[in-house]
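Protein chains in written order, with my numbering: chain A, 39 to 354; chain B, 342 to 688; chain C, 7 to 410.
Keep in mind the hints are simulated off the structure, nothing from the lab.
These figures come from a predicted structure and were not determined experimentally.
Note that beta-carbon positions come from the ideal geometry of N, C-alpha and C, so glycine has one too.
Watch out, some of these pointers could steer you wrong.
Said to hold, decoys possible - Derived list of chain C stretches under chain B, where covered just means 3 residues or more per stretch with a C-beta under 8 Å from a C-beta of chain B:
| id | region |
| --- | --- |
| 1 | 168-182 |
| 2 | 219-231 |
| 3 | 269-283 |
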Amino acid sequence: MARFVVRRGISMIALLFATSVVVFAFFELIPSYNPARAIAGRNANATTVAEVSRKFGFDKPIYTQYANTMKLIFTGQVIDYQDDLNVVDQFKQRFPVTLSLVIPAGIFWLVAAILLGSLSAIRAGRIADRAVMVAAILGVSIPVFLLAALLLYLFAYKLPWFPNTGYVTFAQSPTQWAYHLILPWFSIAVLSIGFYSRVLRSNLLDMVNQDFVRTAKAKGLSQRRVFTRHVLRNSLMPIITMFGLDFATLLGGAALVTETVFNLPGVGQYEASAIGNLDVPPILVGAMFTAFFVVIFGALADVLYALLDPRIRLTG
Amino acid sequence: MAERLLDVEHLQVTFATEDGMVRAVDDVSFTLDRGEVVAIVGESGSGKSVTVMTLMGLTRSPNSRFGGTARLGGDRDLIAASEEQLEGIRGQEIAMIFQDPISSLSPVHRIGDQIVEQIRAHEKISKAAALDRTVDLMERVGIPRARDRARAYPHEFSGGMRQRAMIAMALSLSPSVLIADEPTTALDVTIQAQILQEVAQLSKESNSGVIFVTHDLGVVADIADRVLVMYAGRVVEQGTLDEIFYDPQHPYTWGLLGSVTRMDREPPRRLPAIPGQPPSLVNTPQGCHFRPRCPHAFDRCTEVPPLEARVQDAPDHLDRCWLSVEEKRARRLVDGRIGLATGSVTA
Amino acid sequence: MTDQTATRETPPGDAGGDAGGNGKAPLLEAEHVQLYFPIKQGVLIDRTIGVVHAVDDVSLTLGEGETLGIVGESGCGKSTLARCMVRLLEPTDGTLRFRGNDITHLGRRRLEPFRREAQLVFQDPVSSLNPRKRVGQIVGTPMRLHGMDRDKSRARVRELLDLVGLNPEHVNRFPHEFSGGQRQRIGVARALAVNPRLLVLDEPVSALDVSIQAQVVNLLDDLQDELGLSYVFIAHDLSVVRHVSDQIAVMYLGKLMELSPAKELYAKPIHPYTEALLGAIPIPDPEENRRRERLVVGGEPPNPISPPSGCRFHTRCPRATEVCRTSEPPLAVYPGGHVAACHHPLNVSAEEVSAATRSPLSPLSAGDELPSGQRARSEPPDRHGPAGIGTGEGDAGATASGGT
Chain A
39 MARFVVRRGI SMIALLFATS VVVFAFFELI PSYNPARAIA GRNANATTVA EVSRKFGFDK
99 PIYTQYANTM KLIFTGQVID YQDDLNVVDQ FKQRFPVTLS LVIPAGIFWL VAAILLGSLS
159 AIRAGRIADR AVMVAAILGV SIPVFLLAAL LLYLFAYKLP WFPNTGYVTF AQSPTQWAYH
219 LILPWFSIAV LSIGFYSRVL RSNLLDMVNQ DFVRTAKAKG LSQRRVFTRH VLRNSLMPII
279 TMFGLDFATL LGGAALVTET VFNLPGVGQY EASAIGNLDV PPILVGAMFT AFFVVIFGAL
339 ADVLYALLDP RIRLTG
Chain B
342 MAERLLDVEH LQVTFATEDG MVRAVDDVSF TLDRGEVVAI VGESGSGKSV TVMTLMGLTR
402 SPNSRFGGTA RLGGDRDLIA ASEEQLEGIR GQEIAMIFQD PISSLSPVHR IGDQIVEQIR
462 AHEKISKAAA LDRTVDLMER VGIPRARDRA RAYPHEFSGG MRQRAMIAMA LSLSPSVLIA
522 DEPTTALDVT IQAQILQEVA QLSKESNSGV IFVTHDLGVV ADIADRVLVM YAGRVVEQGT
582 LDEIFYDPQH PYTWGLLGSV TRMDREPPRR LPAIPGQPPS LVNTPQGCHF RPRCPHAFDR
642 CTEVPPLEAR VQDAPDHLDR CWLSVEEKRA RRLVDGRIGL ATGSVTA
Chain C
7 MTDQTATRET PPGDAGGDAG GNGKAPLLEA EHVQLYFPIK QGVLIDRTIG VVHAVDDVSL
67 TLGEGETLGI VGESGCGKST LARCMVRLLE PTDGTLRFRG NDITHLGRRR LEPFRREAQL
127 VFQDPVSSLN PRKRVGQIVG TPMRLHGMDR DKSRARVREL LDLVGLNPEH VNRFPHEFSG
187 GQRQRIGVAR ALAVNPRLLV LDEPVSALDV SIQAQVVNLL DDLQDELGLS YVFIAHDLSV
247 VRHVSDQIAV MYLGKLMELS PAKELYAKPI HPYTEALLGA IPIPDPEENR RRERLVVGGE
307 PPNPISPPSG CRFHTRCPRA TEVCRTSEPP LAVYPGGHVA ACHHPLNVSA EEVSAATRSP
367 LSPLSAGDEL PSGQRARSEP PDRHGPAGIG TGEGDAGATA SGGT
């Protein structure tokens with residue numbers, strides 16, 4: 039276990055470093071990119087731009103700029119260029135919104151995918167299976183922005199069942215909180231439900247033909263017990279890894295489309311606007327934020343994996 | 342007369358596949374008495390495993406069709422039984438040991454729990470009581486330090502120990518019928534000998550009837566009382582152990598007997614082989630299935646020979662070959678031992 | 007097989023260490039070959055915390071045109087040794103020589119000529135053939151890799167298919183369209199594609215039905231006669247190797263236990279482990295079976311990470327005494343070119359025991375203590391059982407029922 043934690047710690051540092059370098063270098067490569075001009079404003083003259091450039095250190099060599107930026111990030115002093123806001127504070131404020139969006143959505147898609155995938159596998163080849171699989175393909179292929187817009191149009195505008203946008207904190211009113219989030223949860227979950235249920239179905243169908251499942255039947259166990267304890271249990275493993283990574287990227291801001299369409303003040307919305315303005319600090323922090331969760335959830339998935347499958351030993 | 346445990350009559354199993362209908366088991370009939378070991382011998386594709394799996398209801402699927410009956414204890418038909426009825430019978434009255442002890446145990450559950458699960462599926466007893474019984478069983482089949490080992494997972498066991506655990510599981514509810522499907526094939530020879538002894542001894546102690554499926558005539562000679570020889574879905578010969586080994590009537594049996602190596606004899610210069618390949622079950626040859634590989638085949642072999650008693654004073658020695666008994670006895674000797682003559686083979 | 011019978015009559019050099027007795031130069035020599043797989047673990051940097059003694063100081067010689075059978079149960083190192091012999095693995099220690107040239111540590115490029123002469127045939131004909139390639143491609147690719155042009159290789163593929171008893175018209179079929187035995191024939195044809203002199207056959211018939219096994223073994227026999235091939239034939243029991251081998255080596259937990267001309271081995275097994283292997287194979291004869299007291303060795307092979315001290319078989323051996331625990335027996339040379347590493351040999355007379363000498367094949371770690379005539383004659387107390395299968399006088403009767 040010590041070995042596992044140490045190794046994952048090292049890979050975390052390496053990944054954070056690599057991510058930040060790549061993002062930083064990437065913006066240097068954009069030909070027309072000039073943050074000083076962006077900060078100075080549309081009507082600034084050359085002198086002002088040069089002054090801003092000096093003030094923010096954009097005239098220094100790139101590695102010095104990198105080092106300075108990192109220092110600002112880790113001391114929590116970095117500010118964005120568009121609104122002069124403290125980036126770390128922004129992430130701190132916005133993260134609860136993203137959590138409210140992603141955690142229930144994750145639980146929802148996991149449960150729904152297990153139910154639908156199981157239904158599909160048990161009824162393989164029959165109508166229920168076909169219906170689920172067609173729906174799953176639709177879910178996988180519909181773009182999130184389109185789905186989100188459609189949901190808004192249908193269920194908030196045409197049939198005003200749900201509020202069209204906005205966010206209410208859980209502390210203010212749990213019911214309002216959920217009421218405002220139902221459509222966003224759904225729009226995030228649909229793609230994953232489609233994808234996960236297809237993967238699970240094929241895992242289950244592979245597993246049904248395994249020798250140990252035959253043994254379980256030969257023991258005289260009921261069909262339900264054979265399915266839940268032997269077939270499903272062994273089929274869930276690959277789903278765990280997928281879930282860990284998908285969940286991590288969503289926490290890091292990958293829900294940006296949904297957050298933007300539904301006007302939820304989450305991490306993703308902030309990153310989306312930063313990308314639109316080529317505002318490096320939020321993008322950089324967002325990328326590192328995502329990398330952080332990817333390592334953490336990757337490790338958690340591995341721990342869970344090892345708990346569920348005694349053949350697997352934790353290695354770095 | 343011994344108690345009749347199982348009476349299989351005209352068992353047929355057909356699978357619908359993409360290539361067509363596969364007649365995996367074609368009109369198989371046999372009986373099993375208490376205290377008796379019946380061996381089903383055959384090569385891959387002979388239908389020997391499908392036969393026993395069908396008795397357990399393990400071949401049921403939307404693509405399979407069944408015919409005939411298999412009566413357990415004189416009344417209940419295993420073929421017609423509902424899935425719920427079978428659940429009560431499996432593990433309790435008929436138990437099975439599978440070929441590959443590595444893949445046949447669940448990799449994510451402890452060995453002990455897997456046995457406990459079977460006991461508790463059929464008996465209302467506490468977990469602790471079931472575990473005590475499990476530990477006893479494991480000790481009985483020769484697993485040392487059983488209480489500790491019950492907590493281990495299958496991958497922490499050696500192949501031989503896993504197979505012992507499978508045996509313990511199969512015997513946990515003292516079934517009247519024990520089916521062993523090539524239980525020693527995947528094991529090392531020295532371990533194979535141990536497991537064979539174990540199965541023979543335990544089934545004798547519990548006085549159950551055993552159906553032993555194997556491709557190895559050496560193992561058959563070691564353990565069986567009666568033998569069924571299967572080829573391409575049909576029984577081609579059946580009889581007592583001595584009848585099959587000392588007065589074999591079907592050329593396929595001769596070929597099998599000829600191709601086993603005998604450690605106690607000087608080997609022939611060339612290994613006796615059966616020419617050709619086993620037929621595809623989708624396009625089985627017309628008439629006798631062995632005809633295309635048989636050097637003794639003649640015109641009449643395009644008709645299916647019935648499985649019937651042909652040897653005098655041996656009403657239970659059945660075979661499916663048109664040759665007369667005298668011809669058979671003359672033709673089966675090759676270089677002084679039983680074997681399949683190498684001769685011209687049609688096709 | 008005429009060739010082979012000749013070599014059987016003339017056992018290889020009395021020490022068993024040098025060339026085959028027929029005066030031909032040895033094709034392949036393994037001298038004290040060792041292969042350890044390290045087990046690594048560590049918090050930051052991996053340290054070696056143990057080694058698997060897969061092959062532990064084994065010396066063997068294969069003469070031109072001969073067949074060497076290597077027999078042992080899983081974990082004995084036979085497959086690892088086979089992979090060393092074709093240099094798919096590099097030995098940790100020891101020397102491998104092919105036609106007198108040291109190939110032990112040659113790099114990829116310098117092994118090229120050797121690769122053409124030595125080929126490996128795998129056990130599983132299903133998984134060792136690429137399911138998406140046609141038979142023609144499977145057999146033809148090695149030729150093309152070794153620089154044969156397209157037309158020539160096409161003609162050669164048909165020739166080879168014919169040679170291994172397949173219909174040359176079937177070049178365009180896929181592996182799944184063939185039965186198991188036919189697939190193994192394809193495997194053999196592929197190995198023969200580059201005209202090798204040596205085939206290392208890793209359990210080539212274990213996955214096949216009995217009647218088909220015989221076909222493939224006979225095919226291998228014919229090919230040896232026709233092409234003058236040398237074989238190393240790996241098997242997990244003593245049944246099939248009997249027909250093909252001139253010499254048979256019995257391995258246990260990485261060590262060579264017994265090496266003998268094939269005929270000798272079955273008539274007079276010297277090592278108790280060999281006898282156990284022979285006794286474990288049931289006789290397909292009910293009467294004979296009833297008559298014979300089955301010899302079943304109890305226990306299971308120990309862990310190769312920490313093998314037992316002294317003789318590796320002592321934990322399961324019915325004849326083991328104190329000396330077996332403390333001192334590793336050297337390979338002793340008995341008449342008929344028969345070599346065995348045992349302190350309490352079976353089936354040898356007192357004179358033969360006292361005349362025995364230490365074989366140069368002996369592991370370097372083995373002691374000097376040869377079995378004394380005294381010990382060989384006296385049965386260890388309480389170990390005396392009814393006669394097993396051997397023809398000799400000193401049968402160990404281990405009737406221990408399994409594992410108890």
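Provide an ascending list of the numbers of those earlier hints which the structure does not satisfy. Violated: hint 1 alone.
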